[in-house]
Every structure is written in C-alpha cells, then in structure tokens.
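Please model the complete structure; the sequences and the hints are all you need to start from.
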Amino acid sequence: MWYLSGEPNQTTMQKAVDAFNSANSADKINVTYFQNDAYKTKIKTAIGANQAPTIIYGWGGGGLKTYAEANQVEDLTSWLEQNQDLKKKFFPSSFGAATINGKIYALPNQYVAPIVLFYNKELFQKAGVQPPKSWEDIMSLVKTFNGMGVAPFSLGGQSRWTSMMWLEYLLDRIGGPEVFKAIFEGKPNAWMDPAVIETGTKVQELVSADGFIKGFSSITADSQADQALLFSGKAAMMLHGSWTYGAMKKAGQNFVQNGKLGFVPFPTIAGGKGDPKNGVGNPAAYMSISSKASDKEKESAKKFFKDGILTETVIDAYINSGSVPIVNGIEDKLNTSEDREFLNFVYDMAKNAPNFQQSWDQALSPTAAEALLNNIDQLFLKSITPQQFAENMNGTLGK
Amino acid sequence: MSNAISTAPRATARIKESRQTEQRKAALAWLTLPALFFFLVFAVIPLAGVLILSFTSWDGIGAIGAAGLDNWFSVLADPGLYNALGLTFLIMIVSWLVQTPISLLLGVFTAGSQRYRAALAVLYFLPLLLSSAAVAIAFKALLDPNFGLATGLGLPFLAQDWLGVPHLALGLVIFVIAWQFVPFHTLIYQGGVRQIPKSLYEAAQIDGAGTIKQFFHITLPQLKYTIITSSTLMVVGSLTYFDLIFVLTGGGPGNSTRILALDMYLRGFRANLMGPASVIAVILVIIGLALALFLQRLGGKDKQGSQLEGL
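So the protein lines, in turn, are chains R and W. Mapping the first sequence onto our numbering, position 236 (from 1) lands on 817, and the numbers just tick up by one. Mapping the second sequence onto our numbering, position 223 (from 1) lands on 234, and the numbers just tick up by one.
Calculated from the structure, these hints are not laboratory results. All of these numbers come straight from a predicted model, not from anything done at the bench. A hint or two may mislead.
As the list claims (entries may be wrong) - The calculated EDC-like cross-link candidates involving lysine to aspartate or glutamate, where the alpha carbons are at most 20 Å apart (straight line), are:
hint: 1; chain 1: R; residue 1: Lys980; chain 2: W; residue 2: Asp172
hint: 2; chain 1: R; residue 1: Lys883; chain 2: R; residue 2: Asp666
hint: 3; chain 1: R; residue 1: Lys980; chain 2: W; residue 2: Asp89
hint: 4; chain 1: R; residue 1: Lys702; chain 2: R; residue 2: Asp718
hint: 5; chain 1: R; residue 1: Lys963; chain 2: W; residue 2: Asp172
hint: 6; chain 1: R; residue 1: Lys854; chain 2: R; residue 2: Glu779
hint: 7; chain 1: R; residue 1: Lys815; chain 2: R; residue 2: Glu703
hint: 8; chain 1: R; residue 1: Lys854; chain 2: R; residue 2: Glu717
hint: 9; chain 1: R; residue 1: Lys795; chain 2: W; residue 2: Asp172
hint: 10; chain 1: R; residue 1: Lys684; chain 2: R; residue 2: Glu766
hint: 11; chain 1: R; residue 1: Lys884; chain 2: R; residue 2: Asp608
hint: 12; chain 1: R; residue 1: Lys884; chain 2: R; residue 2: Asp656
hint: 13; chain 1: R; residue 1: Lys854; chain 2: R; residue 2: Glu759
hint: 14; chain 1: R; residue 1: Lys815; chain 2: W; residue 2: Asp172
hint: 15; chain 1: R; residue 1: Lys854; chain 2: R; residue 2: Asp718
hint: 16; chain 1: R; residue 1: Lys884; chain 2: R; residue 2: Asp666
hint: 17; chain 1: R; residue 1: Lys887; chain 2: R; residue 2: Asp666
hint: 18; chain 1: R; residue 1: Lys621; chain 2: W; residue 2: Asp254
hint: 19; chain 1: R; residue 1: Lys668; chain 2: R; residue 2: Glu922
hint: 20; chain 1: R; residue 1: Lys873; chain 2: R; residue 2: Asp608
hint: 21; chain 1: R; residue 1: Lys623; chain 2: W; residue 2: Asp254
Said to hold, decoys possible - If we take Cβ atoms under 8 Å as the criterion, some of the chain W residues that face chain R in the derived model are:
hint: 22; residue: Asp70
hint: 23; residue: Gly71
hint: 24; residue: Ile72
hint: 25; residue: Gly73
hint: 26; residue: Asp155
hint: 27; residue: Asp172
hint: 28; residue: Trp173
hint: 29; residue: Leu174
hint: 30; residue: Gly175
hint: 31; residue: Gly261
hint: 32; residue: Pro264
hint: 33; residue: Leu277
hint: 34; residue: Phe280
hint: 35; residue: Arg281
Cβ atoms here follow ideal geometry from the backbone N, Cα and C, with glycine treated the same way.
So this is what it looks like as structure tokens:
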C-alpha cells in the first residue's frame, strides 16, 4: 500500500497498519509513504505500467473514473453488499465520489474536509468589524484591513488549487450547484454559463482591490506559508481546507488553543441562487484495490478495509487532530473533544449541506483539471478575462 | 654501418606495427558493442517509441489507440506551443549571453596564479555540487516575499514578488540557471586556458602586448573550440532545463516560465495526454539535433586540425 507522508496522518496510518499486522500475521500490509504532489504522478505512472500497489489511495472522482474505465481497479459493489455493516458505518454521501456508472470502485476513509473561511479574531477585534456575511462585507473588509496595513486574505496562489477554492464557492453561491453539475456531466457550453463569467469577474474585482496578500502567486500551500500569514497576523482571513485547522493548531504557537482562530461559512452573494449552507471540499479520501493484484493480495486488502482502517483508535486520532471522520455515530466523541466548536461546525456542514461539491480538480478528468488549474492561475493574474477563461475551459468539455 | 644494422629491424617492426593496428582496429570495433548496445536501448528505442506514441492517443493508463496526425495538428495549432518555444529560445539566448562572458572571465582568472586564487575558485565551484532541486527550493525560500531574505535582513528592495510577476519570474529563472551552471563552464574554460602554451604569452610580452591585448589576440582565438564546446552544452542543455524551473515556478505564474520541456511533462503526466506530449518530445529532439549540428559547423571543417602549428 502507498500512502501520503506528512503529519498527523502518517503516524495515524502507521499505527493502524502496525495494529492490523500484529493481529493478522498472514495478511501483512506493507506501507510506503510519498509526498502528495509526487504521489499523484507516481501512482498514475505505476498503474499505467501495471506496477500499482494492491491498495490504491486516491480522491475518487475523475481520477478514479480513469482507472475504472481502464479496468485497473476492482469493482467493490457486491463485496459491500455482502458487508452491509461496513457500508453503513460511513456517511452515505461519502460514496458519491467513489461511484462510477452506478458501481462502487473505492472505499471511503479518513475524514470529510470542507473548505472553510478562517479569520484572525484578534485582528477583527482590533478593527472593530464582524466576519463577512455577504460579498459587500468582503469588499468593505478588504478596504478596512488594507487601511490597517494588514493583508485581507492569505492565499497560496502558486499551488493553484488554493485559488480554485474561491471559484468553487463563488460559482455555487452565484449560480447554484447545477452549473458545475452540467460542467461535470460535460453538457455542451456548460462553462459559458453567465454565472461562470460573473464568478471570474468577482475574482478579478477582489484581486484588483488588493484583496489577496502581496505576492500571493509565489506562495505555495505545501510550505504552509499561507497558514503562517494568518496566525502571525499578517493576513486577516483565509479560505482553506478544514485540514489546516490541525496544522495551525500544531504550528501556530497557541493561536488556535487561545481561541484566536475564527471560522465561518462562505458568504452569500446578492441575487445568487446557491444555498449558503452548501459546502465544497473533499467528501473523504478513498482506497481502491488494484485489479492486477493476486487473489491472495486482494483478500488481504479486503480484510484490511474491514478491520484495519477507521478502527476506534484511528477515529480518535483523527478527532484529536481536529478532523471529522466520515463514520456515523461520532457526535458524542465530537462533543467531548477540546476542539468541539470547530468539529461540530465541520460536522454540521458535512451532514446538513443540501449540496456538498467535491473539489473540482478531483471531480474532473485529469486532462480537464490540469487545464482548469492553468486557466485559474491566469485568471488570478488578470492575464485572461473572465470571458476568455470561460471559453478556454469550454474547449475542455468532454476531454 | 650502425645505420644499416638498425634500419632493417625498424622496417620489419613497422610492418608488424601496421598489422597490429589493423588487428587493434578490429578489436576496437568489438569494443564499441557495449556502447552501441546502450545507445540502442536507452536512446534509439525510446526515441522510436516516442515517435510512435506521437501518432496515438493514450492517457498513460488505459489502452493505446491510433490517432493519426490528430496530435500533431492539435499541438501545432495550440498557441501554448509557440509560447513555450519562444520562452525556450529566449531563455537559451539570454542564458548564453549571460553565462559565456562570466564563465570565460572566471575561467581565465582561475587558470592563473594569483594570490587566493585557489580559495576563490573553490567558492566559485560550490553551486556545481548542489542538485537543481535543492537550489530551487533554497532560492524559493530565500525569495519568499513575506518570510524570505528581505524580511530577515530588512532589505525592502528585495521584497519583490519574485516568483509572482511574470517578467520577474523569468528573469529570476535565468539568474538561478546562470548561478548554477556558470561554475561548470568556468571549469571547462579553466582547462582550455591551461592548455595554451606559455611561450605564446612570452612572445607577446616581448612584442609589448598588454594583458588585454594578450586576452583578445591569444587567449580568445586559442579558446575557439572550448567556446564552441561550452556553447553547445549550454544551448542544447537549455532545451532540457526542467527540474530547476519545475520546482522553482512550476511554469508559472500563468504560463510565463512554461518552457518546452516543462510543457511536455505537464501535458503528459499532469493532463494525461501522452500523444501531444510525445509530439513535443519529438519537436525537442529535432531542435536539439539541429542546434548541435549548426554549432558543430561553426567550428569549421578543420576540426581535427591543430591550433598549435608552428610551435
């Protein structure tokens, strides 16, 4: 099995594998760790060369679809039918990104990770302002914070998917989830929806008003400098994945522990169609079984899926690191955690959102996703207009 | 008398020698086999594979399907290709213009016998020891606009958005490439300068030529082939700059540092378009070969001839 390196998840997974291995000496799992970006390339190459590990870790969606269509991953539908207990353990919504043409090709695991608008409470107090509820609030906060010499929003723009999170929320709030659904289904001219163009316009409006920190396009998310800007008081707000909560708790010198980190849902946009309760992000992480593995290896992997991952210990470890595991019946555990305020916020979002949109770059095919990230980068640099953005992306439909 | 005795065995020895050279040549032909084998396995076969892939559509995972000339048409009609080509040549030319004078002068200096020369030479050669990825990560951290060198040293002019503004990022890429590769070319020039016979300089000194005249009339002409070698390495090498730019900017911001080699990688392994990526690979090979041939021609036909005739 291959897994992602980086804490706290690496330790959690290693402990789970160790526990499983000592209990099942006949079905030992070997795990190797890779850095996120490197893994994404490596796994593709390995699968293409028929050298894939038995357990394939991934994000579901468009990437999984490529594997399933090339018959590289096992169809787990009937196995899950036989193991109803296991299937019922997870949030039903988490199976969405694992299902391709009605068949389930991956088992959800880990935690739900919505994108959250974080803010620095201390800076907001100093400025005497409230967190934004509407686009007008955002624009006036931009003025306030720029006046104070603080960057309004932190952003690790070089990573590109960080900028994408803005588009995901804006498009949902402006045009509702149907717009991206049409894009996802490859409907003709789906990208030419006026909501896409308004989304692009809003982004450039924010860039022009110096909404993002100076130099945002040379900051990467991997270096976690974007988070450091927020907790060191150089930026007032940040739109980022809920997983940064745990990272900031660890690196932020008691910023989180002292209750200085605030979080709110993404604001509404006047005249927009999207429900303000809608969320975007990663519904879960996923694990598939390589169809090229031997029967014995497949059996071991299934056993590990059943008994090894998301055990009580693993669930506790995720909760302790500030994440909401995708299993039912964890309300009590969340309520007794020291991070209950944040955990319940995430849990509500995951459970009560009328629509929870999977991150675009995971949902779309790798070809379309790469074009998307490239065009988003240019949109934020203002080297293309919203109209050009929509046209460029429209050319990728069905690819 | 002594002459007559000694010539006879010498003549037979000569016959023996020529027979030996023929045998040696035959043996040498066999000796090229391993090299030929590796050339075939690691250069010719992959090249043929890429050529074939350029006429197929393949996502790197599923089945390979024939695509005819579709990839070629789509790549050649893509403005992204011409942007990448332009950037590649721009970086190539500017890099050559920046690196050649610096490494030539440093090479001449390090070949001399001044005080502290050895100590300084060691400093110049340091970047050569570092891997491109490490260099890129280090520069990225140093130039971070919020937490980098500028903040650490309190030098506000350094607090530019180096990697976030297209022309700054391009300039920075050229600078970092030069920083990394100048030592290598300095080493080549140092070797070249040390080969120049001292007697040339002594003669020039007697004729009253100063240091600058000596440089332009002896050192430079004598280094002709060294310059061609170094330029070939620089120019053809610049087609494959990849690791450094990949880590430093990833081709961004926008497409402002997306050179051909990077474009090929991103299309192939990020966007899963192996066909179009192979087309770019073929284009890269053609450009590389053409440039190498052109530079060899510059060297003239008497390449085997000596520059030291009359000495």
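Outcome of the hint check:
no.: 1; hint: R:Lys980 - W:Asp172; in the structure: 35 Å, violated
no.: 2; hint: R:Lys883 - R:Asp666; in the structure: 14 Å, holds
no.: 3; hint: R:Lys980 - W:Asp89; in the structure: 16 Å, holds
no.: 4; hint: R:Lys702 - R:Asp718; in the structure: 16 Å, holds
no.: 5; hint: R:Lys963 - W:Asp172; in the structure: 16 Å, holds
no.: 6; hint: R:Lys854 - R:Glu779; in the structure: 13 Å, holds
no.: 7; hint: R:Lys815 - R:Glu703; in the structure: 12 Å, holds
no.: 8; hint: R:Lys854 - R:Glu717; in the structure: 17 Å, holds
no.: 9; hint: R:Lys795 - W:Asp172; in the structure: 7 Å, holds
no.: 10; hint: R:Lys684 - R:Glu766; in the structure: 17 Å, holds
no.: 11; hint: R:Lys884 - R:Asp608; in the structure: 8 Å, holds
no.: 12; hint: R:Lys884 - R:Asp656; in the structure: 16 Å, holds
no.: 13; hint: R:Lys854 - R:Glu759; in the structure: 10 Å, holds
no.: 14; hint: R:Lys815 - W:Asp172; in the structure: 16 Å, holds
no.: 15; hint: R:Lys854 - R:Asp718; in the structure: 18 Å, holds
no.: 16; hint: R:Lys884 - R:Asp666; in the structure: 14 Å, holds
no.: 17; hint: R:Lys887 - R:Asp666; in the structure: 9 Å, holds
no.: 18; hint: R:Lys621 - W:Asp254; in the structure: 17 Å, holds
no.: 19; hint: R:Lys668 - R:Glu922; in the structure: 28 Å, violated
no.: 20; hint: R:Lys873 - R:Asp608; in the structure: 18 Å, holds
no.: 21; hint: R:Lys623 - W:Asp254; in the structure: 16 Å, holds
no.: 22; hint: Asp70; in the structure: 6 Å, holds
no.: 23; hint: Gly71; in the structure: 4 Å, holds
no.: 24; hint: Ile72; in the structure: 5 Å, holds
no.: 25; hint: Gly73; in the structure: 4 Å, holds
no.: 26; hint: Asp155; in the structure: 6 Å, holds
no.: 27; hint: Asp172; in the structure: 4 Å, holds
no.: 28; hint: Trp173; in the structure: 6 Å, holds
no.: 29; hint: Leu174; in the structure: 3 Å, holds
no.: 30; hint: Gly175; in the structure: 4 Å, holds
no.: 31; hint: Gly261; in the structure: 7 Å, holds
no.: 32; hint: Pro264; in the structure: 5 Å, holds
no.: 33; hint: Leu277; in the structure: 7 Å, holds
no.: 34; hint: Phe280; in the structure: 5 Å, holds
no.: 35; hint: Arg281; in the structure: 4 Å, holds
Checked against the numbered hints given earlier, this structure breaks hints 1 and 19; the rest are met.
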